[in-house]
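Undergrad: Listed here are the chains, written in short residue letters.
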Amino acid sequence: GIQVEQSPPDLILQEGANSTLRCNFSDSVNNLQWFHQNPWGQLINLFYIPSGTKQNGRLSATTVATERYSLLYISSSQTTDSGVYFCAVLNQAGTALIFGKGTTLSVSS
Amino acid sequence: NAGVMQNPRHLVRRRGQEARLRCSPMKGHSHVYWYRQLPEEGLKFMVYLQKENIIDESGMPKERFSAEFPKEGPSILRIQQVVRGDSAAYFCASSRTGGFNEQFFGPGTRLTVL
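So the protein sequences, as listed, match chains A and B.
Numbering-wise, this note's numbering puts 18 at position 18 of the first sequence, and it's gapless, one number per residue.
Remember, this note's numbering sits 109 above the position in the second sequence when you count from 1.
Hint data in this document are derived by calculation from the structure and do not stem from the laboratory.
There could be a bad hint or two in this list.
[To be verified] Here are some chain B residues pointing at chain A (derived, C-beta under 8 Å):
| hint | residue |
| --- | --- |
| 1 | 168 |
| 2 | 174 |
| 3 | 198 |
| 4 | 214 |
A quick note: this is a predicted structure, and the numbers were derived from the prediction, not measured.
For every residue, glycine included, the Cβ atom is placed at its ideal position computed from N, Cα and C.
Chain A with its partners taken away, still in its complex shape (with noise of 0.2 Å):
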């Protein structure tokens, strides 16, 4: 099946950085996502982008289907931007999402 890897696993900034999320795929997909877990356990969507660029705010994400990319840029960090960053893909049978491990990032005012 699929493999999603994130990197880096974990990810400490002063306030006001700008930070680069990257997650790689093992095959073409049809959908990828990212999610944001916040503190209390909750998943935000943050993007559907399984090619292209977004932008959302501080938040921007490309996808690179050819090479099996996907970054997520977050500028200008706040406290508040504080969890887990998650990429999801789906998986050939179109039935099911898989999540890479995560990326912690830790916003320190």
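Knowing the structure of chain A, use the given hints to seat chain B on it.
TA: Just chain B now, with coordinates in the frame of chain A:
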């Protein structure tokens, strides 16, 4: 426009009891997915359902676990004779059509087995 609803948000059961977790998809969504997040592990797919049909249950443990999505009412994930290893966060997601569309997640049900 309400999102995916899950209840209860927290559930405590003693070993051997039954746990019932409920999920109401977003309005207009007819596809439901269940995922489990075990402590120190990632999110794992369990089952994918459409109204009255199980489409893919390849991630569901073979025993004690079942899921349904009836014609009327919420989707139910049922765990019989719970054991401590079932303690986890259970998330439900929904999509408007099949898996190629964006999946939206509920807040999760945190099950604790004493």
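Undergrad: Now tell me if each hint is right for this structure.
TA: Each hint tested on the structure:
1. 168: Hint on residue 168 of chain B: holds, closest Cβ of chain A at ~7 Å, below 8 Å.
2. 174: violated (16 Å)
3. 198: holds (6 Å)
4. 214: holds (4 Å)
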